[in-house]
Structures are given as structure tokens and as C-alpha cells.
Amino acid sequence: MGRIKAIIVKEFYHILRDPRSLTMVFITPLVMIFILGYSVSYDLTRIDAAVIDLSQSRLSKQLVQAFAANRVFVVQTRGSAPGRTLSLGEAEEMLRRRKVKEIIIIPADLSRRLASGGQAEIGLVIDGSDTNIANLVYQYSERILLDFNAGLMGSEPLLKLDTKIYFNPETRSQFFFIPGLVAVILLMISAMLTSLSISRERESGSIALLFISPLRSREIIVGKTIPYTIVALLDGVVILLFARFWFGIPLRGSLLVLLLFALLYIVSGLALGILISTSAPTQRVAMLATLLSTMLPSFLLSGFIFPLDSLSPVLRAISYVIPATYFLRIIRGVVLKGAELQHFLFEGGMLIVLSMVLLAAATRKFNRQRKAAQ
Amino acid sequence: MSAAAPAIAVRDLCKNFGHFQAVKRISFEVAPGEIVGFLGPNGAGKTTTIKMITGLLKITSGAVLINGLDNREHLAAIKKKIGYMSQKFSLYHLLTAQENIEFFGGISGLAPRELKASVARMGEQVAAAVLRQKIQDVPPGIRQKVALFVCLLPEPEIILLDEPTSGVDPEARRLFWSEIYGLKKRGKTLLVSTHNLDEAEYCDRIIIIHNGEIVAAGAPDELLRQKGKASIEELFKDAIQEHGQD
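Residue numbers (our numbering), protein chains in the order written: chain A, 1 to 374; chain S, 1001 to 1246.
Quick caveat, the hints were computed from the structure, so don't treat them as lab data.
Careful: at least some of the hints might be erroneous.
As a list, the in silico DSS-like pairs of lysine-lysine whose alpha-carbon atoms are at most 27 Å apart [claimed, not checked]:
| # | chain 1 | residue 1 | chain 2 | residue 2 |
| --- | --- | --- | --- | --- |
| 1 | A | Lys365 | S | Lys1184 |
| 2 | S | Lys1184 | S | Lys1116 |
| 3 | A | Lys371 | S | Lys1081 |
| 4 | S | Lys1237 | S | Lys1185 |
| 5 | A | Lys365 | S | Lys1088 |
| 6 | A | Lys160 | A | Lys99 |
| 7 | S | Lys1134 | S | Lys1185 |
| 8 | S | Lys1227 | S | Lys1237 |
| 9 | S | Lys1088 | S | Lys1058 |
| 10 | A | Lys371 | S | Lys1058 |
| 11 | S | Lys1088 | S | Lys1024 |
| 12 | S | Lys1088 | A | Lys371 |
| 13 | A | Lys371 | S | Lys1024 |
| 14 | S | Lys1081 | S | Lys1185 |
| 15 | A | Lys371 | S | Lys1080 |
| 16 | S | Lys1185 | S | Lys1024 |
| 17 | S | Lys1058 | A | Lys365 |
Full structure from sequences and hints, please.
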């Protein structure tokens, strides 16, 4: 009994005197429950829909109004030319650019069909690049149509949905998940490469020789970043080829465009790794911190699993500073929709900004740490 | 001691880690061209003191002057004058000897031509095959030789060697010290820490540090005569006992 007691007492000393263990025990669950509590939700707060009203009748306007009156739907009916309704081409381009999640097409013969006692089909074109959101959009649209049908007082539903899924017609979840996984893994690997490299130097003591050399901190960081950028980019190519040929994920856009954005994304990951390494005394801590700070936000807050529209405003704001949020849009867009460079100027710009901010923060912290020792 | 500014002047140097005082107001000087042995058991404060001299560790109080320049104010200039061989790490083990020379020469600002010449110079001292071996596969004696060579690449005036002979066999140690003598002949100043007391005989002067305090300092022969001891080991034991063992 005395021996067991000795172990119990010693373990308590370890737990109480190790701030990292205490943080892990008490703070991590709170952070996780906070993030998960707000992110594990499939309620959409906004569905942008393009409406092509070919009927332009009283009934079709009532139907458009039914969508517009719903707090979730934001309906767009106007085309780019003044006074013109949306064309299918314009609406499809909006779908490709993620400006809308669905296109609602009201047929020209809507009133005539109903007047003759028949049924009419309302066309629904949904962006299938995110299968979860596509299902939700369908469900929300169907609910509005059911309510509208109830108001028409027919013995059978007078309006039916004719649904088409674009970019992932079979709504294969792999098409949705694997590009997302590529994004998450690439960020994790990039950050891991630099965080381990610097903490390894710290652990072995070699960092002292770098510090004592005439090297400037930014020279150390640039020198560390460039080789790992190449390694991570090659890693990205391998992962993409594996996704393409093993899982059969299509590559409808340009590989070059994807790699260009991947390069920006990788730099943000490498900078994040350096930032993490400045606070990690050992490789083990660096690895754990990198896993937590890349995997958790990328899985939960980037739109990978849960739609960004379902996040609380605070978590949504956090999602804007997660590099995966932007690369996820890019990779899904290029891979599934065949989107091009000009479609992602904002996302690319954000990746540049995030990379610069992270690199500046990492250099500053690294430099401060170096000076603190002196 | 010459009239010129000491190569290294340590004045009332203290280092605290929280409540623990690792170095307690020590003062000493190293004259240009001198070999000074910094002797003491493990944990005596040798590495901490050397790290403060190099600027790698923040000084709690006191000062370090290198050629008369305070290392807190002129660190960039001082870095160009000093060479440091660390106790914990001196070479990248996954790199070959040649790659280590190229790396450390490169970060010291050596031109490609100078790097090539340096590799050739090292090649004259060790077998060519050794140059192409990973450092982890090279015997400790040769590893130390390469580490010292790398430390000397920027041609520093003042060389700080922290436990350079630990884990090295006696023959390799003897060879290592003959190289240190060679450096002295070239006018270099050397502060060499060691816990091998028999290495004191190689030094112009020795400083014995224990529990962060200097317990004896002077030329080895002079110290032995003053204290009436037959060996440095006896002198060391006596000095430690005088100051109380923690």
C-alpha cells in the first residue's frame, strides 16, 4: 500500500508541477467543447440562390417571393446587364465562382401547365462540390416548395423538383472529403517540417552555433523555409497524384494553377511551424502543438466538414485566419469545378497576406527569443 | 599580463536561474595569446560562464569585455572575433565532415574559393575518405578535430572551447592539445573548459571554479608551489574542501 501511495503522490507532484499537463487536462477540453459546440452543426444561415424566372408570371413571382421571404435564402434574379434577368450561363458562372449555392429555374410554361391541371417541374441546379452543403440546400429548397405546394391546394403536389448536381453528379463523398484531406494534410506536414527542424536544432544545441554566427534571424528563417517549401510541394504533388489515381478524384482544372496556390499555402504552413517552434522546447512538444494547431482548426473551422455558414460569428471570424479555409475553396474549385486562376484572386491574396503575417510574426518571435538569451 | 586590453575580461559576473545562482560574481582575465584552462566538476558553472562570454546567455549582473568591448553593446562586432566550440553540439551528425565545413564556412561568410581551400586543408589532416563520411560514423577523436577546424574557419582571435576533450581517448586528447598549442603559436587566445584535471598542465594559467565561484586561479606550477601540493588533483580537492562542498 505504501509503495502504491508513493507512486500516487509522485504522479500528483508531476501533474501539479507541470503546467503543460495541467493545461492539457483542463484547458484543452474546454477549448474543444467550445469549438465543437459551435461548429458541429448542419444548420445553414445563408443560402445564396440564383433564380432564372423564364415564366415571369404572377405565380412564378410568388414562388420567387417564397424563397426570398425565407430568412436563409438570399435570392438573386438580376443579370449583369441592366434590366435583364439572369441567363443560365451567368448563373452557372456564379455557381462555379461560389457566389451562389444553387440555381432555381422556373419554366416558361409554368402557368399554362398548372392551368391545364398538370404538374410543373422546377429546375434545381446545386453545387455538389460540398456534398454536405448540397444535401442541406436540397432539403431547404424542398421544404419551401412543399409549403408553396400546400398553398396551391391541389390534391397532389403541383410543383415538383427536377434536381441536377453539378461538379459531383454522383454526390460521392470522396470527391468532397479527399480534396479537403489534401488541404489539411498539406498544412499539417508543412508546419511539422519547420517546427521539428527548429526544435531539433534547439534540442541538440546546434541552434547556439547559428545564434553565435553572423547569421541574421531572417536569414535563418528564409534558409530554413526554402528547402522545406520544395519538399512540401513535392509532397503535395505526390498526395494529389495519389488522390487522382487511387481514389479517382478528377482534376478538372489546371494542375499548375493548383500548385501555384499550393505553394502559397505551404509557405503559410511553414511559417506557422516556425512560429510554433519558437514556443516549443522539445521536438515532442512541437509535434503535439503542430498537430493540434493545424488539424483541429482545419477540420472544424475551415469549411472542410461543417459549412462555414453554420458557424457562430466568432468562429466564423476565426475561420478567416485559417489558411485551410482559402486553400480548401481553391482545391475543391480547381479539382471539381475546373475553376481557373482568376476565380481565386481573393483566396490567393488572403494566402499571401496570411503567409506574410505568419512569417513576420515567426521572425519577430525568433529574433526576440535570440535577443532574450543575450 | 600585458599592458594591452585583456582579450577577455570578466567582471563580477553573475547568472541566476530563478532562485538558483549558477555563477556568483566571478572575475578573471585572459591575456591575448594566453591559454587559460577553466577547470571544475560538472555543474560548476563553466558552460554557463562561457555562454555568457559568447553572448548566448543573458548576463544577470556584471560584465564581459572582449578586447575592451562590452559584449552586450558590441555583440555583432564581438561575434566576428570569437570562435566557440560547444560542449553539447559542434557538428551536424547527418552531414559529412566536408558538408559541415561547407555549412559552417558558408554561414561565416567564406567565399566558395575559401571554402574549397578549407576543405582541402582539412583533407591534409584527415584521410580523404573521412571527409566524405557522415560525422556520426567518424571516431570521436577525428570528430573533435573537425569540430575545432570548423570553429576556426572564420579565423577568430579568441577561441572558447567548452569541454572539447570529453569522451575522447587519451591519445586523441594529446593530439588535440598539440593543435591548441599550434593555435597559441599563431597568436590565438584560448579559454578551454575541462573537468579533466590532468589537462591543466597544458595551460598557461588555470581557473578552478566550483559551485559558481572561483576557488583558485594562477599558473599551474605557481599554484602547486603556493599551496604546497604535488598534483593538480590534490590542489583541486583542497580548494573545493576549503570552499565547502554543496
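Results for each hint:
Distance hint between Lys365/A and Lys1184/S is unfulfilled; the C-alpha atoms sit about 40 Å from each other, more than 27 Å. Note on Lys1184/S and Lys1116/S: the hinted pairing holds, with a Cα-Cα distance of about 25 Å set against a maximum of 27 Å. With a C-alpha separation of about 19 Å, the suggested pair Lys371/A and Lys1081/S falls inside the 27 Å cut-off, and the hint holds. Only pairs whose Cα atoms come within 27 Å are accepted, and Lys1237/S paired with Lys1185/S is rejected, the gap being roughly 32 Å.
For a cut-off of 27 Å, the pair hint linking Lys365/A to Lys1088/S stands: about 24 Å separates their Cα positions. Taking the CA atoms of Lys160/A and Lys99/A, the gap is about 25 Å. The hint holds against a cut of 27 Å. A hinted pair counts as satisfied when its Cα atoms are at most 27 Å apart, and Lys1134/S with Lys1185/S does not qualify at roughly 31 Å. About 12 Å separates the Cα atoms of Lys1227/S and Lys1237/S, which keeps this hinted pair within 27 Å; it holds.
Taken as a hint, the Lys1088/S and Lys1058/S pair is honoured in the structure, with Cα atoms around 18 Å apart against an allowance of 27 Å. For the hint pairing Lys371/A with Lys1058/S, the CA-to-CA distance comes to about 9 Å; that is within 27 Å, so the pair holds. Restraint check: the Cα-Cα separation between Lys1088/S and Lys1024/S comes to about 23 Å, which is no more than 27 Å; the hinted pair holds. Of the pairs offered as hints, the one joining Lys1088/S and Lys371/A holds, with about 21 Å between alpha carbons and a cut-off of 27 Å not exceeded.
Under the criterion of a C-alpha separation no larger than 27 Å, the hint pairing Lys371/A with Lys1024/S is consistent with the structure, at around 23 Å. Under the criterion of a C-alpha separation no larger than 27 Å, the hint pairing Lys1081/S with Lys1185/S is consistent with the structure, at around 17 Å. In summary, the hint linking Lys371/A to Lys1080/S is supported, as the alpha carbons are separated by about 17 Å, within the 27 Å threshold. With a C-alpha separation of about 33 Å, the suggested pair Lys1185/S and Lys1024/S falls outside the 27 Å cut-off, and the hint is violated.
As the CA atoms of Lys1058/S and Lys365/A are separated by approximately 17 Å, the hinted pair is consistent with the 27 Å bound.
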